[in-house]
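2 protein chains.
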Amino acid sequence: MDEGLRSLTDLDRVIHEPARLLIVTILSTVESADFLFLQRETGLTKGNLSAHLTKLEGAGYVEITKTFKGKLPLTICKLTKPGLKAFNSYRQQLAKFIDKTG
Amino acid sequence: MDEGLRSLTDLDRVIHEPARLLIVTILSTVESADFLFLQRETGLTKGNLSAHLTKLEGAGYVEITKTFKGKLPLTICKLTKPGLKAFNSYRQQLAKFIDKTG
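Chains as they are written, first to last, in the numbering used here: chain A, 1 to 102; chain B, 1 to 102.
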């Protein structure tokens with residue numbers, strides 16, 4: 001068995017989940033993003049987005065800061081260094097998979 | 001938002017699960033495979049492999065035939081045409097993702 005293929009079972013489940021992969025991909029392209037922006041970009045419901053962000057925060061991949069813009073609450077999300085590293089490493093694993101099965 | 005990226009949330013969950021992705025990848029390279037071969041190649045436990053095969057069979061992606069080799073039971077697994085189609089389409093979606101985030 002090709003060890004590279006077997007390593008598929010080691011894929012980072014936190015990032016592998018499609019909605020979280022989408023969130024992390026978006027955050028990898030910006031300095032930071034607020035909750036409403038992420039909701040609009042991903043098309044996720046408020047509850048789903050919130051649950052996925054909590055999971056990403058728990059893994060140390062996303063930093064969430066709650067603040068105010070005037071009187072309106074503002075939730076700022078930012079990919080952490082470990083988050084970016086995990087994302088890049090996940091991408092590399094997928095690229096290898098695509099390469100090996102091509 | 002890049003619609004190609006948003007389509008990540010449409011990824012086929014049956015195939016996206018890493019252990020099932022590994023099983024389907026192996027089956028895509030052979031005419032058919034018996035249960036013990038798959039167990040050895042994937043490194044999955046008997047129970048896990050069995051559960052994932054049942055899920056793949058339920059989706060119509062894998063055809064499972066139970067027979068005998070002498071007096072020993074033999075379970076033959078084969079990727080169906082819809083299974084191969086789903087695998088190829090999944091690979092293409094991943095390849096697009098890799099391409100867009102590169």
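There could be a bad hint or two in this list.
No copy labels: a pair is met if it fits in one copy or bridges any two.
Unchecked claim - Pairs of lysine to any residue, SDA-like flavour, derived with a Cα cap of 25 Å:
| no. | residue 1 | residue 2 |
| --- | --- | --- |
| 1 | K69 | S89 |
| 2 | K85 | A19 |
| 3 | K71 | D99 |
| 4 | K55 | S7 |
| 5 | K55 | L38 |
| 6 | K66 | G4 |
| 7 | K71 | T101 |
| 8 | K100 | G58 |
| 9 | K96 | T75 |
| 10 | K85 | G70 |
| 11 | K46 | S7 |
| 12 | K71 | A86 |
| 13 | K100 | F37 |
| 14 | K69 | R13 |
| 15 | K66 | F87 |
Honestly, the hints are just simulated from the structure, not real lab data.
This structure is a prediction, so every number in the text was calculated from the model and none was measured.
Status of each hint after checking the structure:
no. : hint         : in the structure
1   : K69 <-> S89  : neither (35 Å within a copy, 44 Å between copies)
2   : K85 <-> A19  : both (18 Å within a copy, 23 Å between copies)
3   : K71 <-> D99  : neither (51 Å within a copy, 41 Å between copies)
4   : K55 <-> S7   : both (23 Å within a copy, 21 Å between copies)
5   : K55 <-> L38  : within (15 Å within a copy, 33 Å between copies)
6   : K66 <-> G4   : neither (41 Å within a copy, 30 Å between copies)
7   : K71 <-> T101 : neither (53 Å within a copy, 36 Å between copies)
8   : K100 <-> G58 : neither (33 Å within a copy, 27 Å between copies)
9   : K96 <-> T75  : neither (36 Å within a copy, 30 Å between copies)
10  : K85 <-> G70  : neither (34 Å within a copy, 52 Å between copies)
11  : K46 <-> S7   : between (34 Å within a copy, 18 Å between copies)
12  : K71 <-> A86  : neither (35 Å within a copy, 49 Å between copies)
13  : K100 <-> F37 : between (36 Å within a copy, 20 Å between copies)
14  : K69 <-> R13  : neither (34 Å within a copy, 38 Å between copies)
15  : K66 <-> F87  : within (24 Å within a copy, 41 Å between copies)
Hint compliance for this structure: hints 1, 3, 6, 7, 8, 9, 10, 12 and 14 are not met, and every other hint is.
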